[in-house]
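J.: In case you want the letters, here they are:
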Amino acid sequence: MGWEASYDGWVIAIGALAAFACALPGTFLLLRGMSMMGDAISHAVLPGIALGFLVSGTRDSIWMFLGALVAGLLAAVLSQALHRMGRLEHGAAMGVVFTSLFALGLILIVQAAGRVELDPHCVLEGAIEWAPLDMVDVFWGWLTVPRAVPVLVIMLLVNLTVVIACYKEMKIAAFDPDMARASGIDARIMNQVLMIITAATCVACFEVVGSILVVALLVVPPATARLLSDRLPVVLVLACLIGIVMAFLGHFASGSVPGWFLADIEDVSTSGMMAVMAGFLFVLAWVLSPRHGLVMRAVHRLRLRVRIAAEDVLGLLYRCEERQEQLTAAQVRQALMKAASIGGVTARLAMARIRRQGWAELGTTSCHLSDEGRVLATEVVRSHRLWEAWLWRNIKLPADHVHGSAMRLEHVTDAGMRDQLAAETEATEVDPHGKPIPDSGGEADPSPDSTVE
Amino acid sequence: MDSFLRVLLLEDYNTRLVVIGTVCLGIAAGAVGSLLLLRRRALIGDVISHATLPGVGIAFLVMIAMGGTGRWSVGLLLGALAAGLLAAGLVMLIRRTTLLRDDAAMALVMSTTFGLGIVLLSIIQDLPTGNQAGLESIIYGKTASMVRGDAIGIGIAAVIVIIICACLYKEFRLLCFDEHFAGSQGWPTTLLDVVLLLLGAAVTVIGLQAVGLILVLAFLIIPAAAARYWTDQLRLMMFIASGIGAASAWMGVTISAMVPRMPAGAIIVLVAAAFFLLSLLFGRCRGLLVSFRLSLALRVRIHRQHLLRAIWECRETQSPVQLEQLLARRSWSPLQVQRLIARSARRGELQIHSDQTVELTPAGEEAAARVVRNHRLWELFLIRHADIAPSHVDRAADEIEHVLGVELVGELESILAQDETVPSSPHVLGTGGGN
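Listed in order, the protein sequences are those of chains F and L. Heads up, the first sequence is in my numbering, so the first residue is 320 and it goes up one at a time. Heads up, the second sequence is in my numbering, so the first residue is 2 and it goes up one at a time.
Be a bit skeptical, because a hint or two may be false.
Just so you have them, the derived chain L footprint on chain F, three or more residues with Cβ under 8 Å [said to hold, decoys possible]:
#1 415–426
#2 679–686
Computed from the model, here is a short list of chain F residues facing chain L with C-beta under 8 Å [unchecked claim]:
#3 Leu-393
#4 Val-396
#5 Arg-406
#6 Leu-407
#7 Gln-430
#8 Gly-591
Non-contacting residues of chain F with respect to chain L, defined by C-beta distances greater than 10 Å in every case (computed) [said to hold, decoys possible]:
#9 Leu-349
#10 Gly-410
#11 Ile-473
#12 Ile-531
#13 His-611
#14 Glu-641
#15 Ala-648
#16 Glu-691
#17 Glu-743
#18 Glu-748
#19 Pro-755
Keep in mind the hints are simulated off the structure, nothing from the lab. In this text, a Cβ means the ideal position worked out from N, Cα and C, and glycines have one as well.
Construct the entire structure; sequences and hints are all you get.
T.: This is how it looks when you write it as structure tokens:
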């Protein structure tokens, strides 16, 4: 399938414009936890479209747009009223309203089916692939663009104006409605504004890209952007960029991907494919996001585990020196796996880290702490025994119960906390098991009181 | 009229099938919907139902690839069930592993899976063997053309769903009302959630054939939401929801069989919506009328107590009490005061004399003493124990005097070491704190 700049360019441009227009209200819906509103509105417009159609009798008319807009707003208002007055959960209130309105719309359409041609499908799927065939002149004939483009551009400008004008208010109302009210901003009015632009955007985009894609555009690019950034302006811009990529990938994929599996497939729904591609981009962000992605989270967790295991090894070696025992590297690993109940891989990684940092020599016959390693090991053991002493003296835990807690706490204790613990245990010199607590300077107490071994 | 009776009494074979099928669906959906509603997962049905579309498409393509015709409906439904469950699982996974909330996760999964379904459908449409195989019907349903097998299938599935609900009733109830308590008692909450989602998916899939994927959600939500207005008991709520589901199915099918060009699925939903409206208005437990009456009764009681206290406080400075003095105590209109006085007089709490003065009867005396005492105990408490200036305590006490219970009053008495008498006001009456 060959690409023609005029046709393919317009399809992608229309998809991207719709994505821009939807990203603005979509981001705020996401922040307010009302993303399903797009779905509710997209179903609820059906009776409005049917009525507008019955009134005017044609398919391209302002009546259909107005009917849809009114029905969409009605759905938003009704479901919020039901939530507030009927004390019904948000989702359930929306579900009751939009399914009822959708059923009403279906009946109107079927009743009118004899007189007029209206296919619920054109609402559902849209016809983005036909949009470039329907051109109009704008600017008094200077430019010929698809008829959808002026509609989308106007909608985008309206949304941009509203968002820029009310940015501060919408932001505070989205993040903290109570704070908004306390500072004199009526979060409910902001909510109504958001509902109005959402409904208008939905309706403006339906005709061009179909309701499936509108619902996807309202939520997927903002949600994807949300995974990539924690800053609202960045999320807004990223959502628009994701919209462009999605439009391009969707159009490309609808032209070629099915052909890889099945021959003779040409007529694949472009809107559907764009929605699928939006989902694909979301999955990418979900897995690979530099801050919140699954991969990064797994890496962080592994690094934390390795750090803790390495500290455990240092502590182990310190205690061996104290007992004047010699362990081989293999024995150290066995002891570590048993004491900290971790897997072999983590243990190996931890020991590799210690070798790399030069904290200890882990030989096949014996292991020795280096000077740098001994300082670290002393800190770990000092933390451990200080915690044991504190738990035993100050919280009155039995002496045989403090070891487990101290094992965990020793890894999150810094110098300041060690000093505080020392102060609160009145600079006691031995832990509940009678082992000496090393000094903060790094030197162990030279006179071990070995009542308990 | 004759035809109406024929339809209503199920004399028509075809109508009978449709009625039996949809009524079974309504019963099962009411029970499962109640649980989903209380678990705050009402819209998960929307996700499941949209996700069934790619499931059906993939099942169709797989069956074609294996050399079949792709019209084996059990295969299609299994595909739908698997896809619905997968989508619900995906929602839970997204919520657990990202910072997105429930609504975003649901909208995400729903819109992208439905997009995939539309893509698959457009591919199937293009296949030489395709000609859609009736896959379109799952979007809008095909209630009227239900065949014997469909009705029996729906019936069996509904019975299975209801049996599972009954067997796991106790566990589900715990899960819906206190998830963390259930977890601490050792119940596998995730597994129970999955079972609940499985039930939801099963209802959705059997509803697909009957009413289509968008309206099946209505079966899950509307009867359950309507039942919530009638009762606070889960068991009763499930019964009522099932009843509403069944009744709207029966009536919807009947109407659609009698009136030409009425899609049964949509009519059923509208009948259910009518039931919902009735419940919203007249529901005995949380209905609007009941709530309105309760709040009205509360307002009346508060006004009455304010009047009694005003009379008591006026009488402390001078008696007999004149109407104008009462007017000055609060921001109320002369008409309002007259109405309040008349109402209290009817209740036998005060007497109106001919010279425009009012006097408390013994019953009124007692009631007024209680209110004034509550008010002043609270004021004393605020002054002595919350360190609030005497000029500032009146407003706070004004709000709480109506709701102080016996136990709280007893506690105040012991804290303040007060006896049974009415203490004198801790601030100057009539000036700063009077209104």
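J.: Beyond 10 Å on every Cβ pair: is that true for F/Gly-410 relative to chain L?
T.: Non-interface label fails for F/Gly-410: nearest chain L Cβ at 4 Å, not farther than 10 Å.
J.: Measuring Cβ to Cβ, find out whether F/Glu-743 lies farther than 10 Å from everything in chain L.
T.: 33 Å, holds
J.: If I take the minimum Cβ distance from F/Glu-691 to any residue of chain L, is it greater than 10 Å?
T.: It holds; F/Glu-691 is separated from chain L by about 38 Å at its closest Cβ, greater than 10 Å.
J.: For F/Ala-648, is the shortest CB-to-CB distance to chain L above 10 Å, so the non-interface label stands?
T.: 37 Å, holds
J.: Given a cut of 8 Å on the nearest C-beta pair, is the interface hint for F/Gly-591 held or broken against chain L?
T.: 3 Å, holds
J.: Would you check whether the claim that F/Glu-748 is not at the interface survives, using Cβ distances to chain L and the 10 Å cut-off?
T.: 42 Å, holds
J.: Quick check for students: does the CB of F/Glu-641 sit more than 10 Å from each CB in chain L?
T.: 42 Å, holds
J.: Taking the minimum C-beta separation from F/Leu-349 to chain L, is that value above 10 Å?
T.: Given a closest Cβ separation of 5 Å, the condition is violated.
J.: If you take the shortest Cβ to Cβ gap from F/Arg-406 to chain L, is it below 8 Å?
T.: Since the shortest Cβ distance to chain L is 6 Å, the answer is holds.
J.: Can F/Leu-393 be said to touch chain L, with a Cβ gap under 8 Å?
T.: 14 Å, violated
J.: Going by Cβ atoms, does F/Ile-531 stay more than 10 Å from chain L at every point?
T.: 5 Å, violated
J.: Tell me whether the statement that chain L covers the segment 415–426 of chain F is true, taking a Cβ distance below 8 Å and needing three residues at minimum.
T.: n = 8 at 8 Å, threshold three: holds.
Taken one by one, the earlier hints fail for this structure at numbers 2, 3, 4, 9, 10, 12, 13, listed in ascending order.
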